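Asker: Starting from the known structure of chain A, arrange chains B and C on it as the hints suggest.
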Amino acid sequence: MKAYTEYLWFNTKNRKELVNISAEVEKHVKQSGVQEGFCLVSAMHITSGIWVNDEEPGLKEDLMEFLDKLAPFKPEYRHHRTGEDNADAHLKRSILHHQVVLPITKGRLDLGPWEQVFYAEFDGQRRKRVVVKIIGE
Amino acid sequence: MKAYTEYLWFNTKNRKELVNISAEVEKHVKQSGVQEGFCLVSAMHITSGIWVNDEEPGLKEDLMEFLDKLAPFKPEYRHHRTGEDNADAHLKRSILHHQVVLPITKGRLDLGPWEQVFYAEFDGQRRKRVVVKIIGE
Amino acid sequence: MKAYTEYLWFNTKNRKELVNISAEVEKHVKQSGVQEGFCLVSAMHITSGIWVNDEEPGLKEDLMEFLDKLAPFKPEYRHHRTGEDNADAHLKRSILHHQVVLPITKGRLDLGPWEQVFYAEFDGQRRKRVVVKIIGE
Chain A
1 MKAYTEYLWF NTKNRKELVN ISAEVEKHVK QSGVQEGFCL VSAMHITSGI
51 WVNDEEPGLK EDLMEFLDKL APFKPEYRHH RTGEDNADAH LKRSILHHQV
101 VLPITKGRLD LGPWEQVFYA EFDGQRRKRV VVKIIGE
Chain B
1001 MKAYTEYLWF NTKNRKELVN ISAEVEKHVK QSGVQEGFCL VSAMHITSGI
1051 WVNDEEPGLK EDLMEFLDKL APFKPEYRHH RTGEDNADAH LKRSILHHQV
1101 VLPITKGRLD LGPWEQVFYA EFDGQRRKRV VVKIIGE
Chain C
2001 MKAYTEYLWF NTKNRKELVN ISAEVEKHVK QSGVQEGFCL VSAMHITSGI
2051 WVNDEEPGLK EDLMEFLDKL APFKPEYRHH RTGEDNADAH LKRSILHHQV
2101 VLPITKGRLD LGPWEQVFYA EFDGQRRKRV VVKIIGE
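Chains as they are written, first to last, in the numbering used here: chain A, 1 to 137; chain B, 1001 to 1137; chain C, 2001 to 2137.
Okay, chain A solo, but in the shape it has when bound (with noise of 0.2 Å):
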């Protein structure tokens, strides 16, 4: 079994941006050399998540528009009493998630022909790393 682990790092000019990211993620998986297997991607930081979807632009204003509206910024978040403001980007990870496992098939990311995977920046403008982890063969 072949593991392979890289991490990228982020700093988004926004506070919130989705970032795509599968051309980086499918260059590791050819780094790899792993032929069968699974490459996981995860958020390391708990603002921000993970998420497959569709490249188009309105689309993307639609989920986050979503998100705001299910989990607005506001202060009265108990959390904001330690001095944070940013519970709303905690919710936004947990409901999104801040991960996913991506199959490789023939070297390759096996996904769908829409299937882009995105980093999703709930609380940016600073450095944040996520983790690309690969095992197989």
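If a hint is listed, it holds; no wrong ones were tucked in.
Computed spacing ranges between beta-carbons, pair by pair: (1) B:Pro1075 - C:Val2019: 39 to 45 Å; (2) C:Arg2081 - A:Gln35: 49 to 55 Å; (3) C:Arg2078 - A:Glu6: 45 to 51 Å; (4) C:Arg2081 - A:Ser22: 41 to 47 Å; (5) C:Lys2027 - B:Ser1022: 28 to 34 Å; (6) A:Arg108 - B:Ser1022: 25 to 31 Å; (7) A:Arg108 - B:Gly1083: 25 to 31 Å; (8) A:Ser22 - B:Trp1009: 22 to 28 Å; (9) A:Ser22 - B:Lys1030: 30 to 36 Å; (10) A:Arg108 - B:Gly1033: 21 to 27 Å; (11) B:Arg1078 - A:Ser22: 20 to 26 Å; (12) A:Pro72 - B:Arg1078: 16 to 22 Å; (13) C:Phe2073 - A:Lys74: 22 to 28 Å.
The calculated lysine to any residue pairs, modelled on SDA-like cross-linking and capped at a C-alpha distance of 20 Å, are: (14) B:Lys1002 - B:Glu1137; (15) B:Lys1030 - C:Thr2005; (16) B:Lys1002 - A:Val101; (17) B:Lys1002 - A:Leu109; (18) A:Lys74 - A:Asp85; (19) A:Lys30 - A:Asn20; (20) C:Lys2060 - A:Glu76; (21) B:Lys1069 - C:Pro2075; (22) C:Lys2074 - B:Leu1070; (23) A:Lys106 - B:Thr1005; (24) B:Lys1013 - B:Glu1065; (25) B:Lys1069 - A:Met64; (26) B:Lys1069 - B:His1080; (27) A:Lys74 - A:Glu84; (28) B:Lys1002 - C:Glu2137; (29) C:Lys2069 - A:Leu70; (30) B:Lys1002 - C:Glu2036.
No wet-lab data here; the hints were simulated from the structure. Being a predicted model, the structure only gives us computed values, none of them experimental. Ideal Cβ positions, reconstructed from N, Cα and C, are used throughout, including at glycine.
Answerer: Same frame as chain A, but now just chains B and C:
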């Protein structure tokens, strides 16, 4: 390490449907010959997901109503400027999540007593795929 | 490839509770002897989930209040025609998600600095199980 890959095809009668795929996934686990490992079940189309819960008709209706309330079908999504009408289905997949990893122990799916695996279709009536990928020994 | 399987049992005092299981999962990672691999943590009962986030009391209350608002405890669910009263717990598990895959690197859980693993109980006060399954080398 063994690897086994299969694709399940769906073409649901209704636009929205929950299809119990437990027996089919279990069949592939047996065919794989894997005794100890992981079975990834992942919806490859970006308007459907995977749900692990109870085979109880009332609850299945509750889930669909719940998701409809959170992400209603409506004309106003930005994604619809592309001519599509299924933004709600993208959002439903996003919060339900589109994949699960099922443990395989002693050659069987190692699920809880009521855990059943469902394909969750939110924009059906056309051919769509799910990947079942098994790794282990 | 090594495989290691363990079941964690819970019987929470309260109906709803977040139980930090990071140390227990880490203990099983060590016992498995796996240096590089994946650790699946999955709730086997369909009214509980797994959450990876911050050990901060205010945020934990925020999460539970947030899920209560999205999927309130109430009599009107169709699932309750079966005599059950826990449809809200099924829905909470469904949006929080019931499992995570944790990377193992150099024999340790490869988590971000604030990532803690929680068992999220939504219908407790009875014995329930979580499977911890590790594969790797």
